[in-house]
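Take the two lone chains, each set in its own frame, and fit them into one complex as the hints suggest.
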Amino acid sequence: MIELEEVWRTYRLGGEPIHALAGISERIEAGEHVAIMGPSGSGKSTLLHVLGCLDRPTAGSYRLDGQDVTQLEDDALAELRGHRIGFVFQAYHLVARLSAEANVELPMVFLGVPRGERRRRAAAALEAVGLLDRRRHRPAELSGGQRQRVAIARATVMRPRLLLADEPTGNLDSAAGAQVLDLLDQLHAEGITLVVVTHDPEVARRAGRVLVLRDGRVAARLAGSELGGLERALGRGKPGP
Amino acid sequence: MSALDLIAFATTALAGHRLRSALSLLGVAIGVAAVVLLTALGEAARAYVVGQFEALGTNLLIVIPGRTETSGGLPGVGKPPHDLTLGDAEALRRGIAQARHVVPVVIGTERVAHQGRQRDAIIVGTTHEFLAVRRLGVGIGGFLPPLEQRRSLPVVVLGSKLAAELFPGQNPLGRIVRIGGWRMRTIGVLVPRGVQLGLNLDEIALVPVGTGMRMFDRTSLFRILIELGAHTELEAARERARAIIRERHGEEDVTCLSQDAVLGAFSSILGALTAALAGIALVSLSVAGIGIMNVMLVSVSERTAEIGLLKALGARRRQVLAAFLAEAVLLALAGGVLGLLAAAGAGQAVSWYVPALQIRPPAWAVAAALGLSVGAGALFGLLPALRAVRLDPVAALARAGG
Ligand SMILES: Nc1ncnc2c1ncn2[C@@H]1O[C@H](COP(=O)(O)OP(=O)(O)O)[C@@H](O)[C@H]1O
Ligand SMILES: [Mg+2]
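Those protein sequences? They're chains P and D, same order as listed.
Using this note's numbering, the final residue of the first sequence is 241, and nothing's skipped along the way.
Using this note's numbering, the final residue of the second sequence is 643, and nothing's skipped along the way.
In short, the hints are calculated from the structure, not lab data.
The structure displayed is predicted, hence computed values, not measured ones.
Take these hints with a grain of salt, some might be off.
The following label-pair restraints were derived from C-beta to C-beta distances [stated by the list, open to error]: (1) P:Glu29 <-> D:Asn535: 47 to 53 Å; (2) D:Glu543 <-> P:Gly116: 30 to 36 Å; (3) D:Asn535 <-> P:Gly130: 41 to 47 Å; (4) D:Gly520 <-> P:Ala124: 58 to 64 Å; (5) D:Gly520 <-> P:Pro17: 51 to 57 Å; (6) P:Ala59 <-> D:Trp605: 42 to 48 Å; (7) D:Leu598 <-> P:Ala140: 49 to 55 Å; (8) D:Asn535 <-> P:Gly15: 34 to 40 Å; (9) P:Pro17 <-> D:Arg631: 18 to 24 Å; (10) P:Gly191 <-> D:Val539: 40 to 46 Å.
Quick reminder that beta carbons are idealized off the backbone N, C-alpha and C, glycines included.
In isolation and in its complexed conformation, chain D is listed as follows (with noise of 0.2 Å):
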């Protein structure tokens, strides 16, 4: 017996009762499509998460001052920590030879105003460093350029929706814009970039770092962004940061953060979601097996008459149990194709209606839902036909009025 008689003859007896193999088939899709999209849901949600995070880079060691540590003594109490200066990010440029990118940052809030038009932004002073360091991308015009840092430049670069605001419909390279009380020459836009932890990207005005601490009047950085050439050297780069700043300052009052504690941590409760959705979609799978089962229950109840006369034309024993098999392999595939293709289609779906959920199924969870869903249907549709071949061709006859 050929595979395509085998092939030809399940196919026969699936289309012979067409209610039950469909019903049957809608249940291995479902449960194959549940596996595969919400699993596919839980990368997407980690996949946004960990972005979020990397999109400032992993290899990104971040210097505050005060020391939030608990080292002894209150928080608040005691001196106050010392200055953290364009000085201090100068030092740890030459004194960390990993150091890719030593930014500056400094901070603030001011009235942004262009003939009439006005509102609050977030002011960011900083060095040209920045767009590499923040991974931003220009849209027009160019950033801020490099410059010996405690010079004052009287240039800005808009985010893209507070240009948008600010010069609707118009060109804003070249313009000039009010930012407090300076006179700031429009240099560049950004591309829209969103919110990234917490800070919206698009509204905030990007000025030179000695332009921004003489603007809000500071002596002290709001902190120092240090990017290294590999997360490898993120544990070396930071004791030689604290080195540094303790020599500087006698004493250690900076706050050395990187990102890995956290990033891990999100990780690894969005990976234990990711678990806990497969683990429902599992349950919702091996109910469709169960159904496999039911149908071929049935199936080879009501066709144990059948199953006798296959024996009594010749047929042996493995030649029915495969055409048994055949016919819940064949049901559990298409219903598992049916459930990968709808999973598809409404992953679609949700990518298109919130963008920032890329739903790509895991490889493994495609691979599972379909192995399972095959492998039930061969277990499940196995094994009532066990039993059936077992007996003699006349007490298999005799179990229906055929």
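So that you can see chain P by itself, here it is in the shape it has in the complex (with noise of 0.2 Å):
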């Protein structure tokens, strides 16, 4: 369970402080899928990455399962980062000189898992996002959509409660991206919460809840289902047919 309590996150670049999170209270239940959507620069990977503890927040609290993480030292991060989040970026960040295997096997070598066991649940990942044949290969060799589901098996592999998606398919066209979705969708369904970062509608649809941002201040709460909500929330609603 999420709870966020008036987080800021402000840089500050010599001149004007630049608010990417002015006050955010939320809270996310255990086992929700919620979608965040909002303009360009509206603060939604920077919300993404404080839940990740990837970031800290320049104020206000961020509890994890009732646990204060804001004022935790660095390795105490590094261990929920390592066994209760999981993370997928846009940009699939994958070890370009490690095959797809150790890629999945990374968390696993610095969490301490023995070799044999490493092996098994790499490949049990790898089998799961279906790309066991492509074990070998180099993200080179892989096409955008297998790199991504590579990343969720990276991501999943040392099975966290929370998984946390950064505009997962913006780099993949329709069909890669609905295998992605398609497999986030059956994590969700087996009980990780699953937070995504989408510009899509068509992917914001398949969460239950969807977080509209504008200037790092949450503007609109509506459910997945209300896409013509969604829209002029947006501000930018279709003319209906």
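Next comes the structure, spelled out in structure tokens:
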């Protein structure tokens, strides 16, 4: 369960401070599927990074499963990221020199999972994303969709309870994108808490709840099915047929 | 994370940029090889010179007629010194308890001939103890026999090269050679020993001292060699020798030389040479260290995103540092071992072409070269990574388009 209270993230680049997050208070229950939408620069990625403990809020509190993580040391945050949180990036962030299998094994190497166990779990995770036969391929030898599925295998191989995805289909064509979204849906169906940042209303439609950000604030909270309201909230509502 | 995982991860990273790793490996190898080889060369030169002196023994006292120490009067002015005689040698033998050998020596140049072959050679008149004092060896036959010193005996022991020239392809033992007007029987040939302090021992002929004095019509010895049991007895023996000569000649008209002073000076000069070479080599090693730093610096700035990723995946700071440290140390270690192998090979080659220089890298140089390269690798590998691991994962990830 995620509880945000008056969370700010402020960048200071010499002149005016930029508030990427300007006082966000939000609650996301365990097992929810939430989409985050909003115009470019509205703070979606920043919010996801804070949720993933990849970045620290400038002010406010963030409780993950009841624990205030804003006060934690670097190593304690590493522990959280390793065991409880999975992160999927728009740009995949696979290690180019390593095979798909080695990329999936990477978190387990640093979290001290024994070698044999690593092999087994990496194979299972690749199997689950349908890429077991590509396990020896390097990222450069895989398509964008395949790369993102490897990244999902890597994000889930430690069985985290929270999976965060920042525009996971942003670089993919619609067929590959649909495959990735099906995978995420399946993981959610298995009980994972899923937060997805997206521009695409089709992606958001799959979520139980949609948060619409604007200028670092939550501008609207909608149900996934209320896409009409969503279009209006984004300020680009199409005239109906 | 096990050490094996750490090494495996570091290896994939090094293999990931092969050319850069290879270049920096080469840099370290050259640095280490330079340190080891240059210090080994300096050491070999020192060992060579010291060996030259030690061949004569550091326990050696040399008594020379005439006073060369400046104690008044101009050299060559005043009355000539007394002869240094076989009687003096005998008195020194009896009077110096610490003496192991007392060897009179007379020297001259004569024509040595056998059946039309002839050449000028240095003739050394001495006793059987010369063999031990000059560390010579007999190849075939025997050496000069122990004789009552004044006795003359027409026998000669030839240097190896002289023997080969006079008796090409023949056994010289028992054959007669002519030395000046003297007919001498060959009783032995020395083993080759080469040049020792300017005297080519392979080209000399040795005769009994009594014979030598008559042959050259000398009344004075060239010098008397006194070998002592131990180096520490040198000063006491020197005093004793002076006293004995003073008593016999009525004045101290001899010079007593020992080799320590010369040896010490040479040794310290060559020690300084080695130190200078080591200094030069250390510079090349630090250049190699900077090479590693460059590799790691480029590597880290190129891989800051990777550091961010590793942290995002749950790696702790210390683990990330350890991974980069392992990478740098592996590189330095591999370069160091390669450098040692290269140095060993080059040392062998030098020893092959210049047998007098026995290249044996000093253990301290090997240890220092390896230690320094690994140390520099660790330091220069760690420094750039230290900055990167402090970043929050997003900040690091944002540094490069991953
Ligand atoms: N590292 C940074 N330094 C300065 N400003 C930043 C940084 N990252 C994001 N911002 C600013 O914060 C705001 C929100 O950015 P971001 O969360 O990436 O938006 P989104 O993902 O919704 O497009 C933007 O105005 C952006 O310029
Ligand atoms: Mg974004």
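Status of the hints after comparison with the structure:
At roughly 52 Å, the beta carbons of P:Glu29 and D:Asn535 sit within the given window of 47 to 53 Å. In this structure the supplied range 30 to 36 Å holds for D:Glu543 paired with P:Gly116, their Cβ-Cβ distance being about 33 Å. Separated by about 43 Å at the C-beta atoms, D:Asn535 and P:Gly130 satisfy the suggested range of 41 to 47 Å. At about 60 Å, the beta-carbon gap between D:Gly520 and P:Ala124 stays in the expected band of 58 to 64 Å.
Taking the beta carbon of each, D:Gly520 and P:Pro17 are about 55 Å apart, inside 51 to 57 Å as hinted. For P:Ala59 and D:Trp605, the hinted distance range of 42 to 48 Å is not satisfied, since their beta carbons lie about 59 Å from each other. Checked against the hint of 49 to 55 Å, the C-beta distance between D:Leu598 and P:Ala140 comes to roughly 54 Å, which is consistent with it. Distance hint for D:Asn535 and P:Gly15: a CB-CB separation of about 36 Å, consistent with the stated range 34 to 40 Å.
Evaluation of the 18 to 24 Å hint for P:Pro17 and D:Arg631 yields a pass: the beta carbon distance comes to about 23 Å. At about 44 Å, the CB distance of P:Gly191 to D:Val539 agrees with the hint of 40 to 46 Å.
In this structure, the one hint that does not hold is number 6.
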